[in-house]
Amino acid sequence: MTVIASGKGEFLPPDPDGFRAYVRDHKERRLVNKVITAQEAVSRYVSDGDYVAYDQNIAVRGPASLFREIIRQRKRDLWLAAKFTWTDVSLLVAGGCVSRVDVGWMESGPVINRAVKEGRLKLIEWSNGALAYRLLAGSLGVPYLPMRYLGGTDTFEQSGAKLTEDPYTGRRVCLVPALYPDVALVHVHQCDVHGNARVFGAGVSPLEMAMCSKKVIISTEEIIEPEEIRRQPQRTTIPYYFVDAVVHAPFGSYPGSTPGLYGADLEHWLEFAAAQVQNKTDEYLEKWVHSMASHEEMLEKRVGEQKLAMMRQSETVREGYYE
Amino acid sequence: MTVIASGKGEFLPPDPDGFRAYVRDHKERRLVNKVITAQEAVSRYVSDGDYVAYDQNIAVRGPASLFREIIRQRKRDLWLAAKFTWTDVSLLVAGGCVSRVDVGWMESGPVINRAVKEGRLKLIEWSNGALAYRLLAGSLGVPYLPMRYLGGTDTFEQSGAKLTEDPYTGRRVCLVPALYPDVALVHVHQCDVHGNARVFGAGVSPLEMAMCSKKVIISTEEIIEPEEIRRQPQRTTIPYYFVDAVVHAPFGSYPGSTPGLYGADLEHWLEFAAAQVQNKTDEYLEKWVHSMASHEEMLEKRVGEQKLAMMRQSETVREGYYE
Amino acid sequence: MSEPAVGKAEGTLSFTDIEATICHIAHIIEEDKLYFVQMAGAPLFALLLAKRLRAPGVGYVVEEGAVAPNPIFPLPRMMLGASRSHYRAVAWTSMNMVDAHAALGFMDYGLLAALQIDQFGNFNSTFIGGTYDHPERRFGGPGGANEIASQCWRTLIMTKQQKRKFVHKLDFMSSPGYLDGTPGARERVGLPSGTGPYRVITEDAMFGFDDETRQMRLIGLAPWATLEGVLAEMEFEPLIADKLERMKAPSEEELNIIRAEIDPGGFSTSRGKWMTVDAATGLRAG
Amino acid sequence: MSEPAVGKAEGTLSFTDIEATICHIAHIIEEDKLYFVQMAGAPLFALLLAKRLRAPGVGYVVEEGAVAPNPIFPLPRMMLGASRSHYRAVAWTSMNMVDAHAALGFMDYGLLAALQIDQFGNFNSTFIGGTYDHPERRFGGPGGANEIASQCWRTLIMTKQQKRKFVHKLDFMSSPGYLDGTPGARERVGLPSGTGPYRVITEDAMFGFDDETRQMRLIGLAPWATLEGVLAEMEFEPLIADKLERMKAPSEEELNIIRAEIDPGGFSTSRGKWMTVDAATGLRAG
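If you read the sequences in order, they're chains A, B, C and D.
For the first sequence, this note's numbering begins at 1 and goes up steadily by one.
For the second sequence, this note's numbering begins at 1001 and goes up steadily by one.
For the third sequence, this note's numbering begins at 2001 and goes up steadily by one.
For the fourth sequence, this note's numbering begins at 3001 and goes up steadily by one.
I should point out that these hints are in silico values taken from the structure, not numbers from a laboratory.
Nothing false has been slipped in among the hints.
In silico lysine-lysine, DSS-like type, Cα no more than 27 Å apart, as pairs: (1) A:214 <-> C:2033; (2) D:3169 <-> A:8; (3) B:1027 <-> D:3033; (4) A:117 <-> D:3165; (5) B:1122 <-> C:2169; (6) B:1117 <-> C:2169; (7) C:2169 <-> C:2273; (8) C:2033 <-> C:2248; (9) C:2165 <-> B:1117; (10) D:3160 <-> D:3248; (11) B:1117 <-> B:1280; (12) B:1027 <-> B:1214; (13) B:1280 <-> B:1307; (14) B:1008 <-> C:2169; (15) A:287 <-> A:301; (16) C:2248 <-> C:2273; (17) C:2160 <-> C:2273; (18) B:1008 <-> B:1214; (19) C:2033 <-> A:27; (20) A:122 <-> D:3169; (21) A:8 <-> A:214; (22) A:8 <-> A:122; (23) A:117 <-> D:3169; (24) B:1008 <-> B:1122; (25) C:2165 <-> C:2248; (26) A:287 <-> A:307; (27) B:1117 <-> B:1008; (28) C:2160 <-> C:2243; (29) D:3160 <-> D:3033; (30) B:1287 <-> B:1307; (31) C:2163 <-> C:2273; (32) C:2273 <-> C:2165; (33) C:2163 <-> C:2248; (34) C:2248 <-> C:2160; (35) D:3033 <-> D:3248; (36) B:1214 <-> D:3033.
Just so we're clear, the structure is a prediction, and the values are computed from it rather than from any experiment.
Assemble the whole structure, with the sequences as input and the hints as a guide.
Take a look at the structure:
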C-alpha cells in the first residue's frame, strides 16, 4: 500500500479524533432554540482564519445573506471551499475576507485575477467532485477516501491528493484527505428552531458539510414547527444536533434564486459584473453591504418590495418542492 | 501506508473495474418496462453460487416473497450478506439454498447451528455496520473504505478487514473491502415500471445495495405511474438505471410488516420457530413454499383475506409514510 | 407469561433479572446526551423506560436509521424497525448514516447487551463453547455492537450476573472493550481515542473501569445483592470501589410501564429468572 | 444580441461558432445512452437540443444531482440548478451521488468544454499563460470535468477551432485525456480502465482518437470547412482519417430552438464568431 505520488498542494490536515473531541466538548445534544440573528451568528461562529464551506452558490440557494454579513463584519484570512460556485468567491475576495481558496469551479474575473497576481490570494487545485468527496470523507469520520479520478493531471500535482496501491486489488487508486471545515453555511427552505433543516431539490452536499463542520450556521427561508418536522421525518435533510445557529432569512439567497420560491435577480449580477470590470467593487460593496445594517434593511432599501414580488412571480415551479 | 494486520476471513474480492465492465455491457440505460413475475425474475437474475444481498429483514420490509421464490426454485450455494437480519437466514438455510453467510446479525437457532455443525454452512464475521459500509464502498465504485472499528477483535481476525497506517495522519485505521454483490433484493413501497423505486421510512442500505449489485430485483407493494415519480423527484430512493426487474408483490414482506401499510403476522413466526425446534422445517417449507406455485397462491390459500385484513388493520400509522 | 408487578405477598414486588437490569440502566440515562441503542430488546427498553418516565427529551438513534424518535406506547411485539417505534423521529435515515454520526463523535453513549464479558470490558455475542470453526452454540453475531462499542464515547453494556458471563477469557471477542488494557490499546488498532466501556450493568450490580489499568471495578450493588454473592458469580475478581453505591430497586411504576407499554406480553423481559423483593426495602422477600 | 437564424441574404443561415458546435454534438447524441453533462452552458445546450428534437428519452445527470430531468423550455437565463432545468427529474440527489453513478460505470458519455487541448485529449480549464503561481489569466478551474473525463466511458469535449486551443503543450492539465498516450497510462494513475476521450468537437471539425497510439485523429469536417483550414488552426498535426466524414450544417429549426427555447437572449451562445452559410449546401456565403 505504498504511496506512489503526492500532490504538493496545501490542505487543511484531516484530524478525525480532533474533530470528535470538538464535537464532544462543544456541540449541543439537547433540543434547544438556536434562532439568532445573522449578526450574532457570524460574530459568534465565524472567526478570522477559519476554513469556510458552504452549499450551492450565489446563483441558486446559496447563503448570500451570510456572505454579506461576513463582509460587513470584515472577517479576514478565510479559506474557502469553492466547489460549484459562481461570483460568490469574487464577492468575498472583493470584501477582503479571503486568503486561500480550494478550487473546484468559480467565476474567475478581474477580482480573482487581480488578487492572485498581487499575491493576496492563494489558490489550491481540486475539482467540484473532489471537494464534495472530501466532505463525504469528513462526514464518515475517516481521514481520507479512495477515489478513481484526479490522478495523472496537473490538478493532482497542485492538490493534496495521493496516488497509492490498493492493498485489496494491487491496482492504483487516488486518495483525498477528508475535509473538516471550521464553518459550514447552508441556506435551506425550512428549518425548525432546533436546527432540523429541509432542503428541497437537488443539491451539492448540504448534509455532508453540516456533519463534518465544527460550526454550522443554517439560514432559512422559513421557520417551521418542530412537530411539522416530526410528521415527515423523511424530509429532514440535516438533523438538529449538527446545527449551531438558525438564522431566519427570507430571500436569503438574493440575488440568487431559491427553487420553488423565487427566481434570481439578473440585473443585480450585471451590476456586480460591471463593478468588477470597472474596478468599482468597493462602491458596490458600500451600496449593498456596508451601508446597510442588515439583510432586512438591504431588502427594504436596496431591493424593494416590487422587485421581490417580481422574483416571486418569476418562479413558476412549485411541483416537487412544495407539492 | 503499511498493512499491519489482515483478517483471515474469505471475502468476495472487490473488483471495481470488473463491475464497471458488467454495467457497461449489461445494464439497460433506456426507460423500458421491467415488470416481470417473481418466477421470471428469480429464474433470470439469481444463479446458483451468486452472492445475494437484500435490504432489511423478514420482520420489516424484507423481500420475503422473493426469498420464497428462491427456495421454490431450489437455488443452491448462495452467499448471503446477513446484516440486520432475522429468521430470514434460517429460512434460506432450511431451504438448502445457502453455503456461506457474511454475518452481521442473524437469528441463530437450531437450523443455523445444525448447518454449521454439519459443515454445510460457512460463516464469516463482520458486523451490521461493516456490511452496510462495504456496500457503501461498493456504491462509491472504490475497492475499499477506511473506518474506525472492527480493529482489535476476533471479529476482525475472522473478517476480510485490514489494519493499516493512514498516510495522512500516520495513525491507524481499518479498511474493509467493497462489496459488489451479484444480486440485490429490495422490497419497496412504490415503484414505476422503469424501476424508479420509493422506500418510505428508515432503512438499512437499499440505495447503496442497488447501486453496487450486478443484478437488482425490486419487489413492490404498488406500481405507480412514471409521471408520479417525476412529480416528486426527491422521494425517489433508487433511480431506474440500477434496476433490472420490477415484481409487483402486495404483502411482499409477509410475514413481516411493511411500515405504513400492514403489521406483521406473529403467529407465522411462532409456526416457523416451532418448526425449527421440532426439526420440521421441511414440512413448514412444503406448506408455505413448495406446495404453492406463487406468492399470490400462498396469500390466497395459506394466509387468507381475513388475516391480510387484520394485518392491514394492525398498522395504525400512515403519518410520515403516506401523509 | 408476565407476573403481576405487585407480588403474591403484600408489599412485595416480583420481577425478572432482565427487568431489574432495565431499571438499573434507566436510572443512569442522562437527558442531555445522545444514545446509540443496539437493535430492539432490553437495551432499547431501558432507554425507553427512562424516556417515558423522566427524560422525555432524550435523543437516541437505532441501527436502521431512525433519529430521535418518539415511539407510540404500547409498542408492538415485533418492534424492530416498525412504524410505532420510529414514530415522530426528527429524521429517517439509514444504517451508514447513523454509524457516521457515531464515527463523528456525536453519540455520547452506546447501549447494548453481551453474552460474555471479560475484565477489560471486551465482550462476546458470537459463539459459546468449542472453536470458531466448530462452535458448540452459535449466536447471532455482533450485530451493531462492534461499531457502537468502538465509536461511541462511552459504552453501557448489560449482561447477567452469572459466572459464565464474567469470564477470564472470552470464547470470542466480538466487540472491543479496552482490549489488553494497556495504554493506547484501542488507538493502536484504529479505534477513536478516548472511547471505551463505561458501565457494565447486571440485575445485581454495576461496574465501572479503572482509568489507569482499565480493569473492571464493582461500584454499585442492588439492594438485594451482596458483595460475596456478586463475586461468586464472576470468574475473575474485579476491582472493588472504596464505597459501593447502593442502587435503587425497580419501582412498581417502572415495572408496570415495562410490562404494559414497552414490552407488552413480556416477549423479551419475562424470559428471565424471577425474584421477589420487599417493595419498601428492596431486600429479597422470596 | 442574437441574429435571426435566416440570414441577411435569402437562403442563408447565420450562426456563431458555439451554435455550430452545439449542433454538431447534438447530431451524435444517442438516445439509449446516459450522459454526464458539466454545469450549464454549451455542453448542456447540445444535449438539450438533441433531447428536444430527436432523442426525447435520453437520460443525463448534472453535477448538482438532478437525474434524467425533463426541463421546461424556454429555460431561464441563469439555469444552473434552477427549478426549470431540474423539472420532472426521476430523482433529485447530490453531487457525490451522481459522481458515484459515474464511478460505477453507468455514465456512457461525459460531455464538457475545454480551454486548451493536446493531441492525447488532455485538456485545460485552469489558466492560460505564465506559471501556476503567476498565471497570466486565471480561469474557473476544472469544475466537474476531472471526474467526468476520468470516470465516464467516453468523453465528448467541445472547444473552438483555434491554434491557441489545439496546443503542443498545455499550460496546465486540468483533466485527463490519454495522458502521455502510452498503453495503460490512465490505469497507472488510478483511473478506471477502458475510459478516455472519444470525440473532440469544434465548429469546423470532429476528431476521434487512434486505438493504439491514442493520438487525436481528424474524422469529420463541417460543410464549410477545409482540411487545410482546420490544420492551420492547430499547433499540432492530428492523424487524418482515410475518409473524412462530411458533417451536417446546423438547420434553421435547430438554431431557432437554441435561440428561442434553450438559450433565450443568447446569454451563452451569441458570444462567438458569426458565420453565414448557404442553407442548402452549408457552404460559406459570407
